[in-house]
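Whole structure, please, built from the sequences with the hints as guidance.
Residue numbers (this note's numbering), protein chains in the order written: chain A, -16 to 102; chain B, 63 to 171.
Read the hints as simulated data drawn from the structure, not as lab findings. Heads up, a few of these hints could be off.
Claimed, not checked - In silico BS3-like pairs for lysine-lysine, Cα to Cα no more than 30 Å straight-line:
| id | chain 1 | residue 1 | chain 2 | residue 2 |
| --- | --- | --- | --- | --- |
| 1 | B | Lys167 | B | Lys130 |
| 2 | B | Lys130 | A | Lys26 |
| 3 | B | Lys106 | A | Lys26 |
| 4 | B | Lys106 | B | Lys130 |
| 5 | B | Lys109 | A | Lys26 |
| 6 | A | Lys59 | B | Lys130 |
| 7 | B | Lys130 | B | Lys109 |
| 8 | B | Lys167 | B | Lys106 |
| 9 | B | Lys167 | B | Lys109 |
| 10 | B | Lys167 | A | Lys26 |
| 11 | A | Lys59 | B | Lys167 |
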Amino acid sequence: EVQLLESGGGLVQPGGSLRLSCVASGFTFSSYAMSWVRQAPGKGLEWVSGISASGGTTYYADSVNGRFTMSRDNSKDTLYLQMNSLRADDTAVYYCAKRMGGARGFDYWGQGTLVTVSS
Amino acid sequence: QSALTQPASVSGSPGQSITISCTGTSSDVGGYNYVSWYQQHPGKAPKLMIYDVSNRPSGVSDRFSGSKSGNTASLTISGLQAEDDADYYCSSYTGSTYVFGTGTKVTVL
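Below, the structure is given as structure tokens:
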């Protein structure tokens, strides 16, 4: 059974940093691209970042480019999102999502971890 | 990276069919056959319902179907059931990133 378990969310002050983790199980983690998707309270889904299966290529939404860094450790089946210079509008539930082969969609999602940016 | 445009809400009675539209541009929906649809119940993670415009993952009811014409994709739910009451989001590949739709609240009357 595929499982994605996020952790690392919490309350952080504006300008602060936080690192999210997502531990994967039930599939060959190193074979699949992954993404982070967030959802602000009461709002829609927003794609945040993506990483190739090897970790050699990353992509970011304009809203987080230059502030967030996505990485992965395939030896630990773990995905990361380092978030710096956090702003109030980064407040959201952050989901990690497994991408299907190719660019077809996200077939498995974690339960999400809440990040709250507030003073 | 502007969000794809979806109607805010769609409603229907049990047994009826409804269609949700998802309008983008030639840089996303119109440029790739990589449109997917997600169902989300309150407090839950999204669930993939359609991928590659019109394909259903294993386990998803055949009451859900997808299509695309030009820059607009559509999700049709036939034989509406109470459990279909949820939020629905479309998504499209953009060449290197992804963009989601604004979301549609489906209400089963």
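To see whether the hints hold, each was checked on the structure:
no.	hint	in the structure
1	B:Lys167 with B:Lys130	20 Å, holds
2	B:Lys130 with A:Lys26	25 Å, holds
3	B:Lys106 with A:Lys26	14 Å, holds
4	B:Lys106 with B:Lys130	27 Å, holds
5	B:Lys109 with A:Lys26	17 Å, holds
6	A:Lys59 with B:Lys130	39 Å, violated
7	B:Lys130 with B:Lys109	20 Å, holds
8	B:Lys167 with B:Lys106	15 Å, holds
9	B:Lys167 with B:Lys109	15 Å, holds
10	B:Lys167 with A:Lys26	12 Å, holds
11	A:Lys59 with B:Lys167	38 Å, violated
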